[in-house]
Amino acid sequence: MSDPRRPRVLLVDDEEAITSTLGPYLERAGFEVVVAADGEEALERHTESRPDIVVSDVLMPGLDGRGLVRRLRQSETWTPVILLTQVDEASERAAALDEGADDYLGKPFLPSELVSRIRAVLRRTIGGRPLSAANLLLSDSLELDRSGRRTRVDGRTVDLTPKAVALLDYLMAHPDEVHTREHLLSALWGFEFAVTTRAVDHRVAELRRVLGDDAQRPRWIETVPGAGYRFCGRVVQR
Amino acid sequence: MSRVRITTLVAVGTPLLLGGLTAGAVVLARVNGSFEITVPLATVLVVTGALVSAGVWAGLGVRSALRAREEQGFAAGAQQEREAHRRFVARLDHELKNPVTAIRAALELDPDPSPSLGVAAAQAGRLANLIGELRSLSALETSAIERVPVDLAAVVRDETAAFSEDLEVRGSHRDIRVQLPAAPWPLPSVAGDADLLAVVVRNLLVNAAKYSDPDARIEIRGSEDSGFVVVEVADTGWGIPEAEQAHVWDELWRGDRARRVEGSGLGLSLVRIVAERHGGDVAVRSRAGSGTSVRVRIPTA
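Chains E and L, in that order, give the protein sequences. Okay, so the first sequence: first residue is 435 according to this note's numbering, each after it adds one. Okay, so the second sequence: first residue is 445 according to this note's numbering, each after it adds one.
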């Protein structure tokens with residue numbers, strides 16, 4: 435990070451076993467860690483300590499992780515949030531992404547995975563309303579109406595399968611970032627082992643075909659050899 | 445006593461009771477004269493036949509009603525059992541994921557892990573995978589699945605090609621043959637989720653290769669059968685003893701011989717659940733020492 439200050443993480447989980455092990459791990463990885471045991475406490479700690487990012491469990495007594503994101507966003511607070519979830523249905527993940535969480539990680543994860551997620555989210559959030567909280571995303575002639583799940587190219591509505599829309603949504607809301615096929619699978623499909631990563635390749639092929647994007651000279655979705663995919667167009671919100 | 449049984453008793457008993465009461469009144473009033481009537485034999489036979497028919501019809505009606513109720517009861521019971529099972533898996537998942545996350549974080553805190561901590565980390569990883577797999581299964585049972593036209597023949601060709609490549613890379617070999625109809629017409633589309641159907645084909649191929657010797661033959665056949673597309677994966681592998689065949693679709697079940705090979709025991713459960721979520725079904729034929737055939741039927745679009 436260019437910022438010499440250690441980024442501050444607000445870690446929210448009602449399980450002491452989690453905060454007492456993940457906390458020290460994150461500190462060792464170069465973060466300053468503030469801990470809260472539920473959503474209400476997290477709101478208080480957030481006001482006091484102004485963290486750079488919030489990492490929160492979903493299921494908690496009182497105010498849960500989703501409620502926490504909603505309350506933060508309602509008060510126009512755009513601190514990025516990563517939810518630690520066991521939500522499996524892709525539709526629920528999408529719904530929660532709509533509510534303004536920035537990313538997801540399913541428990542049980544490797545602590546190193548969490549660190550790389552936190553770094554990725556911090557890199558792309560530079561204050562202000564994040565793309566993941568927007569209703570309409572635009573990149574050149576491509577337009578994604580996130581709440582209506584409608585995609586338009588040159589003003590024309592195009593026909594995409596629900597999973598292709600979800601994938602496009604995720605890529606557009608997280609541009610300029612290389613996503614591994616595994617991460618895209620677990621973030622969007624929810625089935626962590628069942629589906630092979632080629633499922634992602636199939637949907638990317640569908641997106642390119644329908645949107646008219648050339649894989650060799652991509653305007654939007656770029657293949658990063660040996661790594662995964664990246665949305666390479668400039669994305670603005672409206 | 446249920447309301448239905450009381451109603452039946454009243455309906456059956458009332459005419460008898462009324463008849464008895466009237467007969468009693470007639471006897472008591474000493475007006476018990478004779479009532480004679482001449483009826484042709486043919487009529488008596490017809491009326492008797494009609495009465496017997498009515499009796500048999502009523503009896504059969506009652507029996508089929510009872511059977512229907514019994515079947516409904518079974519179906520409701522099976523439904524409840526499935527639901528309870530799903531809730532159990534969800535709870536298990538919820539109770540396991542936090543400890544495993546904490547164990548993995550705690551193990552990674554040690555900058556210089558001993559070999560025994562390495563074993564603990566590897567086993568925690570194994571538990572994490574199992575939890576993920578159980579969760580995916582339970583999610584599959586309830587989550588909405590995509591319904592778009594899927595060319596199952598293309599899925600079979602794709603998956604078989606990818607699987608053969610994987611085998612080559614691992615330096616293993618099986619004699620894999622794909623047979624898909626072109627005449628009188630190719631396989632029709634099915635309505636479903638292409639990713640999940642690909643997983644079905646892949647799991648069947650993985651099983652066929654896993655439980656067979658090198659150079660065993662694996663045949664993948666596609667066919668159309670009265671409203672269904674049928675995909676059959678057959679192998680000349682180790683086969684499954686008859687006593688074990690009923691359990692192959694159960695979660696975490698592993699056969700005696702399969703236990704020596706790495707696996708979670710969830711592959712075929714997944715195949716079954718995906719087939720059922722598509723409105724289809726699964727069947728297995730196997731002979732120990734000869735081979736196994738697994739057949740999946742998916743309704744056409």
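Since the hints were made in silico from the structure, they are not lab data. Do not take every clue at face value.
Said to hold, decoys possible - With the Cβ distance kept under 7 Å, some of the chain E side facing chain L (calculated, not the full set):
(1) E449
(2) I452
(3) T455
(4) L456
(5) A463
(6) P495
(7) K541
(8) P542
(9) P545
(10) T595
(11) P596
(12) A633
(13) C666
(14) V670
As the list claims (entries may be wrong) - Simulated restraints, written as ranges between beta carbons of each label pair:
(15) L:G521 - E:R632: 53 to 59 Å
(16) L:A564 - E:E466: 24 to 30 Å
(17) L:Q623 - E:P458: 57 to 63 Å
(18) L:A635 - E:R583: 15 to 21 Å
(19) E:S581 - L:P628: 25 to 31 Å
(20) E:P458 - L:H617: 47 to 53 Å
(21) E:E466 - L:G521: 51 to 57 Å
(22) L:V728 - E:S546: 56 to 62 Å
(23) E:D610 - L:A687: 57 to 63 Å
To be verified - Which residues of chain E face chain L? A few of them, derived with a C-beta cut under 8 Å, are:
(24) A451
(25) Q508
(26) W512
(27) T513
(28) F543
(29) K597
(30) W623
(31) A639
Quick reminder that beta carbons are idealized off the backbone N, C-alpha and C, glycines included.
### Message
Going through the numbered hints above, which ones does this structure break? Give me the numbers in ascending order.
### Response
5, 6, 13, 14, 15, 19, 22, 25, 26, 27, 31
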